[in-house]
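K.L.:
What follows is the residue order along each chain.
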Amino acid sequence: MMQTLAQLPLARLTRSPWAWLPVVFWSAVAIVVAFAARRMGSDGGVDRALLGGFGSVALPLLSFAVVGATLSSDSLKAAVRPVVTFGASPARAVLATVLTGMLVSAVLSALLGIAVVLVAGSAHVASDLVSAFWIGALGGACYAAWFSFGATFGQRGTGRATLLVIDYLFGASSGGTVSALALATPRGNVHSLLGGVSPSDVSQRASSGALVLLTVACLLLTLRRTRRV
Amino acid sequence: MIELEFARARVAPIGVGPLSLRLPVGITALQGTKQDGVALLLDVLAARVPAQGRISVFGLTPAAARRAIAHVPLDAVLPDALTVTETLDLARTLRGDVAAPSAAARLAVLGLEPLATRRVRSLDAREVRAIALAEALTSKVVRVILVEEPFATVDARALAVLSGLLRRRAQEGACIVIATASARDARDVADQRFVLQHGLVVADASVRGPTELHVVSSDARILAGALAREGAVSEVVASDQRIIVRGTDPVALAHAVGQAVLASGVQLDSMRLEPSPPEVAP
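If you read the sequences in order, they're chains A and B. According to the working numbering, the stretch in the first sequence is residues 97 to 325, in order. According to the working numbering, the stretch in the second sequence is residues 24 to 305, in order.
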């Protein structure tokens, strides 16, 4: 049943060439930053490429574009209404749509993370590839859940953009410090995992746990807000 | 069979209820405008908006009966990224409608075959509604069809075809509820007609002859006094919180209750229209 319900969000993704434009663009930005880091040739180039072009820009905006495409740039309720009309349970329809966005976002982000490491070059390629892969996958999935929750607000799911702004405002570090609120944003924890400043000096293990918790919390809140479609 | 007992719902600024109605197998028309709550009542029956009171759809709640309910509002939506054929196949899978005819045969009932390969996104609103109607009318598991203004977007030729299809589905045991502002559409197609005003059923337009209106109010005696002064009312019987109002014209009777409520300033809890029991000869 979930496979059947995922048919619509997948079709929206695969049959809308324009939906891929921002995905390609933000991926290109991350690759260009990685290439520049390689050209500069200094130590820590891969870290800067992962933290800057990938973690700060490409990962959130790529996930934002993927979620927008699975929802046809509409609210989550409006996006699942066509299948609920045919008798599907709203909760399952929402879950299938959000999970599709999370899976696609996780896969693309993980692959982009690998590409950034390869382009930037690294003295510890194997370990950097593994790190970029799982942080990209976890971050991509968390961002997709975060934006899907945002899409439950506003007539056309405009809450998605609001959460993007909140992520940038509260998740960003300033002057080498980051507020404790960053723990409640994907950005704060992704930065911590990629070697940036940790919110409240928590460990990287805690940041990965926070990302998982944030993903689950967003999923549950999304389901709660879409009980009726 | 759909049954409502003291059902009420509100999506600001429109509200319906409290309503106590029985909508049997056949075609029932809810006559009124959107502001009167007819479309909202369809949303309630389709489990799209929460409601208070008891609502039973063939013995189940609307949410539990979702697969057997086809809802075709004026702004019907279909899966935008799929083709029309894929949409009908998806509907068949989601409803568990294994006995449904092929997509081509389903489209043929309303002459929609040329749209089979079109992407839903490329269709206009009239075509989307037509496909939603074709899906509802040809499904083998759908037992409740809720249609808002079924004849609003069809031409004269299709109108006769659509009327015939609705009638045939009703004869097969479906409970069809149409919401329309057109008294003519309601009269032409429906077996039973309810007139809604401001969310309340003010008349069962299919009732003929002496009529009883059962009214519940916390200030029954005051309301009964006001009702006794209304010309359309032939008899008022008040007891505790209940009032039975008798007359011959259901619409005038309901209007009289509205006037009496306004004049007395009391709260109306519910109102149900029933034909008077036949007189028994001594």
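Treat the hints with caution; some may be incorrect.
A few chain B residues facing chain A, derived, Cβ under 7 Å [claimed, not checked]:
id : residue
1  : Leu97
2  : Arg118
3  : Ala122
4  : Ala127
5  : Ala131
6  : Val132
7  : Leu133
8  : Val239
9  : Arg295
Computed footprint of chain A on chain B, listed as stretches where at least three residues anywhere in the stretch have a Cβ under 8 Å from a Cβ of chain A [as the list claims (entries may be wrong)]:
id : stretch
10 : 60 to 73
11 : 188 to 194
It should be emphasised that the hints constitute simulated quantities derived from the structure, not laboratory data. In this text, a Cβ means the ideal position worked out from N, Cα and C, and glycines have one as well.
K.L.:
All the hints need checking, so say for each whether the structure fits it.
P.N.:
Outcome of the hint check:
Look at B/Leu97: its Cβ only gets to about 14 Å from chain A, farther than 7 Å, so that hint breaks. Among the interface hints, the one on B/Arg118 holds; its C-beta lies about 5 Å from the nearest C-beta in chain A, closer than the 7 Å criterion. Hint on B/Ala122 is violated. Least Cβ distance to chain A is approximately 15 Å, over the 7 Å limit. Annotation: interface hint on B/Ala127 violated; nearest CB of chain A at approximately 19 Å, more than 7 Å.
The closest approach between the C-beta of B/Ala131 and any C-beta of chain A is roughly 20 Å, which is over the 7 Å cut-off, so the hint fails. The interface hint given for B/Val132 is broken, as the beta carbon of that residue sits about 18 Å from the closest beta carbon of chain A, more than 7 Å. A least Cβ separation of about 18 Å between B/Leu133 and chain A goes past the 7 Å threshold, and the interface hint is therefore violated. Annotation: interface hint on B/Val239 violated; nearest CB of chain A at approximately 29 Å, more than 7 Å.
The interface hint given for B/Arg295 is violated, since its Cβ lies 27 Å from the closest Cβ of chain A, which is over the 7 Å cut-off. Against chain A, the stretch 60 to 73 of chain B contributes 4 residues with a C-beta closer than 8 Å to a partner C-beta. That satisfies the three-residue criterion, and the hint holds. For the stretch 188 to 194 of chain B, the proposed coverage by chain A is not satisfied: 0 residues have a C-beta within less than 8 Å of a C-beta in that chain, short of the threshold of three.
The structure is inconsistent with the numbered hints 1, 3, 4, 5, 6, 7, 8, 9, 11, although it conforms to all the rest.
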